[in-house]
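Modelling step: build the complete structure from the supplied sequences, incorporating the hints.
So the protein sequences, as listed, match chains A and B. Take the first sequence: its position 186, counted from the start at 1, is 186 in our numbering, and no numbers get skipped. Take the second sequence: its position 109, counted from the start at 1, is 1109 in our numbering, and no numbers get skipped.
Only true hints are included.
Sample of chain B residues at the chain A side, in silico, Cβ under 8 Å:
1. 1023
2. 1026
3. 1104
4. 1107
5. 1108
6. 1110
7. 1111
8. 1153
9. 1156
10. 1163
11. 1168
12. 1179
13. 1183
14. 1186
For the record, the hints were derived by calculation from the structure and aren't laboratory data. By construction, the Cβ of each residue, glycine as well, lies at the ideal position given by its N, Cα and C atoms.
Number of protein chains: 2
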Amino acid sequence: MTRIENSKRTILNLAESLLQDKGFNGFSYAHISSELGVKNAAIHYHFPSKEDLGIAVIRRYRERFKLWINNSRVKDLTPEAKLDWFLGIYTNMRADQGKVCLVGAMEAEFNAIPDGLRDEVQGMHKELLVWLQSTLEEGRDGGVFAFKGEPADKAALILSTLQGALQMARALGTKKFHNVIEQIKLDLLK
Amino acid sequence: MTRIENSKRTILNLAESLLQDKGFNGFSYAHISSELGVKNAAIHYHFPSKEDLGIAVIRRYRERFKLWINNSRVKDLTPEAKLDWFLGIYTNMRADQGKVCLVGAMEAEFNAIPDGLRDEVQGMHKELLVWLQSTLEEGRDGGVFAFKGEPADKAALILSTLQGALQMARALGTKKFHNVIEQIKLDLLK
DNA sequence: TGACAAACTTACTATTTAGTAAGTATAATC
DNA sequence: GATTATACTTACTAAATAGTAAGTTTGTCA
Chain A
1 MTRIENSKRT
11 ILNLAESLLQ
21 DKGFNGFSYA
31 HISSELGVKN
41 AAIHYHFPSK
51 EDLGIAVIRR
61 YRERFKLWIN
71 NSRVKDLTPE
81 AKLDWFLGIY
91 TNMRADQGKV
101 CLVGAMEAEF
111 NAIPDGLRDE
121 VQGMHKELLV
131 WLQSTLEEGR
141 DGGVFAFKGE
151 PADKAALILS
161 TLQGALQMAR
171 ALGTKKFHNV
181 IEQIKLDLLK
Chain B
1001 MTRIENSKRT
1011 ILNLAESLLQ
1021 DKGFNGFSYA
1031 HISSELGVKN
1041 AAIHYHFPSK
1051 EDLGIAVIRR
1061 YRERFKLWIN
1071 NSRVKDLTPE
1081 AKLDWFLGIY
1091 TNMRADQGKV
1101 CLVGAMEAEF
1111 NAIPDGLRDE
1121 VQGMHKELLV
1131 WLQSTLEEGR
1141 DGGVFAFKGE
1151 PADKAALILS
1161 TLQGALQMAR
1171 ALGTKKFHNV
1181 IEQIKLDLLK
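If you want it as structure tokens, here you go:
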């Protein structure tokens, strides 16, 4: 009976990775249990239903993001550095086995995932948008960002772009992804 | 024994709709057969494997797109009108039951779909990019579009944005989607 | 009218899926 | 040292899945 140190966290890590890799309907409890060398039921012990597991993954990410943006390491950055930090999150996803963002993966199969998970994804998307919007406002007021229209709309555009670009990179490669990242900056920086 | 008129086309229509709605791993042959009032095996008669079906859907779309862009109704438009036509495709998808684009749906679960389907998606994505790039070039040369950087990169950005925006709209609604569309124009038109 | 092919149905298989109930080993606590 | 909670395993189940083999109906054409 080999126990995993901190099973719950290990399961969440793997589930998050699988969600970003194959989507909610593309992985099963068997993927997790076989990888961890435990039985199926062990996963159900920690997360009774697949919906519970999906929700827990998103919830953990939301909390992580909240901690990040409220930490002085990010909070005290210049708007330009904040943007780079944010873009870096997506660049790292791409670098990490071609993963896509949780929000994008879940929204692509939005009509084929459980209700509770949908709510959680919606909440996460809103939070990302709010932060990005305020960063754009801050940067425009400070004179480092330049764009037409409302910060809320520009934020929604940039987030959509990042979401799409990660997916695009799977078919067309990392170079194209980085070109899009550079284009985002060209379209934003003065 | 009620026969469907033009079964193959009807199956492809439904499969395309399901792909855009639930993704490749989110629908089954049973969804199609029950909707059409036939048996499972009837679908397998026309498309032996699910991979065959997926490939056929994408292939049909690629041919449709090729016909469109080579038809004078699109070909002879101004660059600005071409852009509006292209954006209109995505607006219509959103209006049609909140569908997302085939490319986005398939790339979100890229690592959980068959090889042959991946190739087809890759080809489709390239074709969309090529057309959009040449339209951007045409528009910039004509002085109606203004953007920094390379047309190829701006095309990749816009396509990524559209892909992501359709998915975002599922969680955040149609209004946000239209705001992104307007922002694309603000970021492109002189 | 007979042959034949197209478009199915019936009936099935093997596999995977999420999920459960009951038992067991281990660790912590009283 | 006994009790109890934690973290599992064993052993299932029911449903859904893609896919197949063999038979049946229907329209077409020589």
